[in-house]
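Under our numbering, residues -11 to 554 are what the sequence shown spells out, in order.
Calculated directly from the structure, the hints in this document are not laboratory data.
As the structure is a computational prediction, the values presented were derived from the model and not from experiment.
Glycine included, every Cβ here is placed at the ideal spot set by N, Cα and C.
Just so you know, not all the hints are guaranteed correct.
Pair by pair, the computed Cβ-Cβ distance ranges are [unchecked claim]:
#: 1; residue 1: Lys404; residue 2: Thr168; range: 19 to 27 angstroms
#: 2; residue 1: Glu(-2); residue 2: Thr499; range: 20 to 28 angstroms
#: 3; residue 1: Glu312; residue 2: Thr247; range: 13 to 21 angstroms
Quick list of in silico lysine-lysine cross-link-like pairs, DSS-like style, CA-CA up to 27 angstroms [to be verified]:
#: 4; residue 1: Lys92; residue 2: Lys368
#: 5; residue 1: Lys476; residue 2: Lys404
#: 6; residue 1: Lys53; residue 2: Lys92
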Amino acid sequence: MRALPSAPVEKVIVTYKSQATEAGSNTAAKNDTAEKAAKTGEKLSFERRLAGGGALVDLGDSATKQDVAEVMDAFRADPSVASVEPDIRAYAMAVTPNDTDYAKQWDLFEPTGGMNVPSAWDKTTGSGVTVAVIDTGYAAHTDVAANVVNGYDFISTSADARDGNGRDADAKDEGDWNATAGECGVGSTASNSSWHGTHVAGTIGAVTNNAKGIAGIAYNAKIQPVRVLGKCGGSSSDIADAITWASGGTVPGVPANPTPAKVINMSLGGASATCPSVYQNAINGAVSRGTTVVVAAGNSNANASGFTPANCANVINVASTSREGNRSYYSNFGTIVDVAAPGGETRRATDTPGTVTTPENGIYSTLNSGTTVQSAENYKPYQGTSMAAPHIAGLAALLKSAKSTLTPAEIESAIKTNARPLPGTCTGGCGTGIADTAKTVDAVTGTTTPPTGTVFTNGTDVTIADNTTVSSSIAVTGRTGNAPAALKVGVDIKHTWRGDLVIDLIAPDGTVRNLKASSSSDSADDVVTTYTVDASSEVANGTWKLQVRDVASGDTGYINSWSLTF
């Protein structure tokens, strides 16, 4: 990670012992600050009271380290002071990564077609979650290697596997090239190895802030390569077993997975009017074990219902969008699509098939330069729903890491609910829109701003004895900015002579606003009413207090409940 900047200390936080006058009186704290200023020769000023009760003391922007030390020593020497500490700086952790090619990853950060990923990184980076990439296997790459855990090769046919045997514990990508047209069926063409699984893996979990290459979406998650695609693709029987094994299920003849995945990515598919039962059973089993299954919608510019596993139940079916926020020209569509994510366009729909005319608009990720067998590692832009799906798998890993109790259904619902409408067009249906990473993470972690009209309540009874002062607290969280100019303070106090009571609202910074004065002539029972207070100068978040003082003898009661409506 990047080194944090070093900022000078300009303020200190003084916490007084509870019995000290300065602990509850701003005036006393100001006077004490003035005394310490005279003692040290520094220009000190009491700035405000913190929500936790501490006093914030400003030394000014010209204070040196020695000045700060002298001031802190002066406060520490005071027997009424419990503690004193510097008011240090903190920095957003969602800073731009230092990965050298990060600028090419528009899909992560651009507001139009991107997925708003960086703003989520200060809350979650995928730690503790393993993502299985069921694909072509893994071509060794130093920008992914630190996050890779052992996988498995499920290709059962030796000729397709190209490794001299059938299934084994080595998920190395041996290449999916084929030398001649028609070799893999009618209409198939000769092609080089794609290193497809490594490209997908980089999008999900490339090592980040390593001053190299790209940033992964869930860059502290683990990637488990599970090889099912070799020469001429892969079989549904092998893929189904891979789903079961990756999610922690039992596969005859295969050792148990020591690091089961909580997310599976399948950027693969074939034509089928229905979901084969071998797929559906395996997917259902994975989901029952708590694993979220993400699949690509397909690249045929057709209804995804005709392709599998896109048409299986219990999956997150992902369509592809372009940098402009349109449905990518090749992406499948339809009512079974759940959500969209950036898949890019390395060429326009009218450009010559097989050409790369707009590489800057593709999804840039880890790859290998070998045409058939592995050679030097590199990076290249690809396009496809195969590139869109790992964006959602990465997001699922972020969510699972942020809140480990989330079920696959809850993860899917959160992603779909918090997606934003496509800024461009999508004929045929692209689900609920483009997934929004930060918004979805905020939603599951409870850090979204509550809507206007949210009520915060404390219903715990607090006894009000004669001639005492008591208080009840409400912690307000999740708000942005200041409190409203018409803050509603609901009060329900049971008391046999309400004229005895003085009621104040105390803001998080210690500011006191009187709600009710005492009155010797008001002999009625109880205070059940709502006060309106201009609190627009106060930061909304923090601990607010209702303070009640009984100024006479003979009648008692209790705070029944009170509330703040923002």
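For this session: Of all the hints given earlier, name the ones this structure violates by number, lowest first.
Result: Violated: hints 1, 3, 5, 6.
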